[in-house]
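Q: Read off the chains here:
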Amino acid sequence: MADVVLKNVQKSFGRVKIIHGVDLDIRDGEFVVFVGPSGCGKSTLLRLIAGLEDITAGELFIDGERVNDLVPAKRGIAMVFQSYALYPHMNVYDNMAFGLELAKSSKAQIDAKVREAARMLQIDNLLDRKPRQLSGGQRQRVAIGRAIVRDPKVFLFDEPLSNLDAALRVQTRIEIAKLHSDTRATMIYVTHDQVEAMTLADRIVVLNGGRIEQVGTPLDLYHRPANLFVAGFIGSPQMNLIACEVAGVGPDEVLVSLPSGGTLSVPVAPETLQPGEAVTLGVRPDHVRVSPQGSLTGRVELVEELGENHLLYVDMGQGRRLTIREPGDARHEAGSTIALEIDRTSCHLFKASGEALPSRAGSPRPAPSSPDLTRVA
Amino acid sequence: MIMSSAVAQAGVSAQHQARGRSSSLTRSRVRAAWLFIAPSLIVVTLIAGWPLARTIWFSFTDASLNDLSDYKFIGLENYLANYDGEWFGILIEPDWWHSVWNTLWFTVVSVSLETVLGIVVALILNAAFPGRGLMRAVILIPWAIPTIVSAKMWSWMLHDQFGVINDLLLRLGLIAAPVTWTANADTALWAAVMVDVWKHTSFMALLILAALQMLPQDIYEAAKVDGVSPVRVFFRVTLPLIKPALLVAVIFRSLDALRVFDLIYVLTSNSKDTASMSVYARQQLVDFQEVGLGSAASTLIFLIIALVVVITLAAGRVRLGEDPR
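Chains as they are written, first to last, in this note's numbering: chain A, 1413 to 1789; chain B, 537 to 861.
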């Protein structure tokens, strides 16, 4: 159990800077997920915490102790690798016991620990098997078991589920969440999968190009993305981003003119925004509705049926496309023209710099029964 | 060696398939397999099988190099015969057994040294350092030089009067008087071992390096996180994982070392004290013109090598064809 504090941590490989000064405060017992596109530096950051890479500049504290110059084994961490990293010539028992044998614990203690972890992960019937005789899911459990027996202060997971099939991924995800609630250990988890990030994390750290874009709870990031990158990255299907121009500014709202004509009043603080400035309007697919009264029109390009809901990809003209998610089965066919309206209270507005303007819409989640739908003026 | 074991394996798997339910697809696959291995089978028979059979046949005759067409079958007399209560034949010949001892000693000592040094060199070459590519090429130079050339080179360097090694050791004050490295029976075999190690360590290192490069890197990171010491990682992780490749390398080198001829022949000429089995066989065959005896010695060499391979494989419990992972 420990907190992990990063102070202006930087990493360069030769002349290439991968991590540009990361400040982060991970609390004791917290489950933090690093998420971001490939090459954003999330795995490198985890390896810096693990001690598998040297920190170029900045400081790293685990449980209050500065660990920059400590070898991985002395940092009180355990790591689960994407590729499992099991010793191929050892059986499951030895794979889990190997790291303990030198920790001056007695044979009986090691045995008790290994069997306890194996029972917890339901691999106690596999202890004599070699890794090659196990399925992917079983191998991953052994890798997690090897981390558990070390009794670490901090668990590090490097994309542990990406080699598993979809069903197993969901199941293992639940088990990791359970492991966290059972042990209350600090966990740092790297993934590129935002569903894993949303479901597991107490807080998500969104990384891009070696910098932190935003840190927050999953719903924080979903409802109040700090910038365009987070807005586009969190949420599936992606948020619709529409380039607009400021038409007018009120004390608690900004009037934007849409590219297809018409204006929309967005309830955000205008800050220093001036009419004529370029902004980006962000609206999630769930906050656009097909409605006969809608003033926006478009032609349905593609319909994706997902059972509980469906996606409409609508061509708004001039190459602009809007994604809409509606409940139930689709009532429109590809090729048909539909009218749309946007839930203006759920809209986001981003300045030209990409930064979000603070919302003035009150509750971030309007009750679904009484949507505040304002037709485009 | 490689070819014949491949053929043996193919034969085994073909039998294996024929025993089970054999569909027409299986039969056609077996046919195709035989078709593919037929060329190598024929080549092996011609270039290895025929000379071997001929040598074994000659070992049961009194053939002489004067006239190879004029010989008669004498059974096992070349190996062992009893005339009037007195035993004759190679098997009671002290010179033969001395050459066997020399060869085995040479093999065990040189291959052991080459294995240990080869692992060390391979581990170094496997680490990342500037100029590694160049080092990997440079290390092959001793191996690329023909044995006869390196043997001659070393015999000059080890020369008791003009050799650079005596000169160096004298100047350093390590020896008081020049040593007759190759003429002295005590040092001659050691000299041969040294030259062999100098030449073949790179071969060993290269085979081991190939095995090292096949190892997954993530398990080393896992060991690092677990705090396993590098020495322990080497003995508990690296060594078991490269063992199959290591054994193949040891067997290759042992086969070569058991047949050692040119090195010892050039370095110590025809001295009985240092003769290897091959030197002994050549002496019977060429110097004494005794094709029968020479063939008997060659046949025994063949049997001894086969025995050593079987023992090595059994000791290493190498199941050929099994995936070590």
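There may be inaccurate statements among the hints.
Heads up, simulated DSBU-like pairs for lysine-lysine below, C-alpha to C-alpha not over 35 Å straight-line [as the list claims (entries may be wrong)]:
| # | chain 1 | residue 1 | chain 2 | residue 2 |
| --- | --- | --- | --- | --- |
| 1 | A | K1519 | A | K1486 |
| 2 | B | K608 | A | K1590 |
| 3 | A | K1486 | A | K1542 |
| 4 | B | K808 | B | K688 |
| 5 | A | K1419 | B | K760 |
| 6 | A | K1525 | B | K779 |
| 7 | A | K1542 | A | K1429 |
| 8 | B | K779 | A | K1519 |
| 9 | A | K1542 | B | K608 |
| 10 | A | K1486 | B | K688 |
| 11 | A | K1763 | A | K1419 |
| 12 | A | K1525 | A | K1429 |
| 13 | B | K760 | A | K1429 |
| 14 | A | K1590 | A | K1419 |
| 15 | A | K1542 | A | K1565 |
| 16 | A | K1519 | A | K1429 |
| 17 | A | K1525 | B | K608 |
| 18 | B | K760 | A | K1519 |
| 19 | A | K1486 | B | K779 |
| 20 | A | K1519 | A | K1419 |
| 21 | B | K808 | B | K608 |
| 22 | A | K1565 | B | K760 |
| 23 | A | K1590 | A | K1519 |
| 24 | B | K779 | A | K1542 |
| 25 | A | K1519 | A | K1542 |
Please keep in mind that the hints were generated in silico from the structure rather than gathered at the bench.
Q: Now tell me, hint by hint, if it's right for this structure.
A: A quick look at each hint next to the structure:
1. K1519/A x K1486/A: Holds, at roughly 22 Å.
2. K608/B x K1590/A: 87 Å, violated
3. K1486/A x K1542/A: 29 Å, holds
4. K808/B x K688/B: At roughly 19 Å apart (the allowed maximum being 35 Å), K688/B and K808/B satisfy the hint.
5. K1419/A x K760/B: 24 Å, holds
6. K1525/A x K779/B: 31 Å, holds
7. K1542/A x K1429/A: 40 Å, violated
8. K779/B x K1519/A: Judged against 35 Å, a Cα distance of about 27 Å means the pair holds.
9. K1542/A x K608/B: Distance ~60 Å between K1542/A and K608/B Cα, so the pair is violated.
10. K1486/A x K688/B: Violated - the C-alpha atoms of K688/B and K1486/A are around 56 Å apart, more than 35 Å.
11. K1763/A x K1419/A: Roughly 29 Å between the alpha carbons, so the hint for K1763/A and K1419/A holds.
12. K1525/A x K1429/A: 41 Å, violated
13. K760/B x K1429/A: 25 Å, holds
14. K1590/A x K1419/A: 30 Å, holds
15. K1542/A x K1565/A: Between K1542/A and K1565/A the Cα gap is close to 28 Å, so the pair holds against 35 Å.
16. K1519/A x K1429/A: Not satisfied, since the Cα-Cα distance of roughly 46 Å exceeds 35 Å.
17. K1525/A x K608/B: Distance of about 76 Å is beyond 35 Å: violated.
18. K760/B x K1519/A: With Cα atoms ~22 Å apart, K760/B and K1519/A stay inside 35 Å; holds.
19. K1486/A x K779/B: 31 Å, holds
20. K1519/A x K1419/A: Violated - the C-alpha atoms of K1419/A and K1519/A are around 40 Å apart, more than 35 Å.
21. K808/B x K608/B: 30 Å, holds
22. K1565/A x K760/B: Roughly 17 Å separates the two Cα atoms, so the pair holds.
23. K1590/A x K1519/A: Holds, at roughly 29 Å.
24. K779/B x K1542/A: 17 Å, holds
25. K1519/A x K1542/A: 21 Å, holds
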